[in-house]
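Colleague: Sequence:
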Amino acid sequence: MSDAEHAPQSISNNDEQQQQQQQQQQEQQEQHPADEEEATAPKDSSESDEKLKADRRATLTNPEALEDPDYTDEEAPPVEEIEADEDLLDGEDENVERICLRQNQITRIDFPPNLGPTLTELDLYDNLISHVKGLDDLTNLTSLDLSFNKIKHIKNISHLKKLRDLYFVQNKISRIEGLDGLTQLRNLELGANRIREIENLDTLTALEELWLGKNKITELKNLDALTNLRILSIQSNRLTSISGLSSLKNLEELYVSHNAITELSGLENNTALRVLDFSNNRVSKLENISHLKNLEELWASNNELSSFEEVERELRDKENLQTVYFEGNPLQTKGPAVYRNKVRLALPQVKQIDAKGIPSRTPLQRRHHQLCSFHGASPTPIAILPQGHEIEKISRR
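Throughout the sequence shown, residue numbering follows full-length UniProt numbering, covering 1 to 397 in sequence.
Just so you know, not all the hints are guaranteed correct.
[Claimed, not checked] Derived PhoX-like pairs (lysine-lysine); straight-line CA-CA distance at most 20 Å:
#	residue 1	residue 2
1	285	216
2	342	285
3	133	150
4	249	356
5	152	214
6	221	249
7	318	293
8	293	351
9	152	172
10	216	152
11	150	249
12	249	216
13	342	356
14	285	318
15	162	133
16	318	342
17	334	318
18	133	161
19	249	214
20	293	249
21	161	214
22	172	155
23	172	216
24	133	155
25	150	214
26	285	214
[To be verified] Simulated restraints, written as ranges between beta carbons of each label pair:
#	residue 1	residue 2	range
27	150	345	47 to 55 Å
28	309	150	23 to 31 Å
29	334	161	53 to 61 Å
Note that these hints are calculated values from the structure, not bench results. Here a beta-carbon is modelled for each residue, glycine too, at the ideal position from N, C-alpha and C.
Taking the hints into account, I'd like the entire structure generated from these sequences.
Modeller: See the structure below:
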């Protein structure tokens, strides 16, 4: 029989097979009508221990993690973007003490009241919060971090009497306010905001650290009540002088870099200072700091200092002085070849000049210091010529 005679029979058999398969599928659906619904229906939250459920259509927020085998960004967001479809804190231990919800998309603060008695630390760093609300029941908080949000006003926290650490870094705050009841506060960070004036701090008598960098402050004032202050940072503002610190007798660290300060004055009563940073200003004379006997670090880079005599006069008797930074001043830029040697001769107690350390040396080597600026080389003593040039003999290991 020819191929043409077989063809009709083949087509007929295929049709019969398809009809049989369709009939079997229909019978199965009729026998188990709930299977498909059960597969697609969401689980009852009471029957699941999971607090987060991933959508089947979840999208990758960092697809490069899959495409690049060398992708190792430890700070990258999670591979899957998941949505919380129930209260994340529902059923959690009521004795929770610390909650950290950094780098989410939280727009408002809303916690169950049962957390109030035990919660002491709340970290909401880097979210989308614009108003400080929802903290009424959290009266035992000792630490609150609302940095990197969209907050314009400090309010609704004066009842948090036990707060010791408060962070509002990188928000849109233009005034210091709403802190009256925080009498136990030790650390206040308000850097990178829009603050123009230091104010409303009189009741914070326990404050030890105040961070106000990257604002628009023009004057150091209203600090007299902060007699326990140990650290004051007011870098990258609009200061033209150092004044208003006479009551801060316990001040140990002062950071006023990146301002427009022209002279060192106003530090007469700050004899406890260990760290003084006035780098990136317009100071032309090193003066009025010889009384700071406890000084350990002096940061004076990128000013207008030109006299080694002033360096020696103001700093030579500081036995605790370990680190000095003078780079970017005329005393360094006009003679870079001899600069470090002159500083070491003027300040033999110093162990670090700018970013480079000084190897330990015996008293007999104070005038013939050792250097090692070549990788894999052993240092040998150098001679300081009258012209100030250095001779080094490098021996390979």
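Colleague: So which of those numbered hints doesn't the model satisfy?
Modeller: 1, 4, 11, 12, 17, 19, 21, 26, 28
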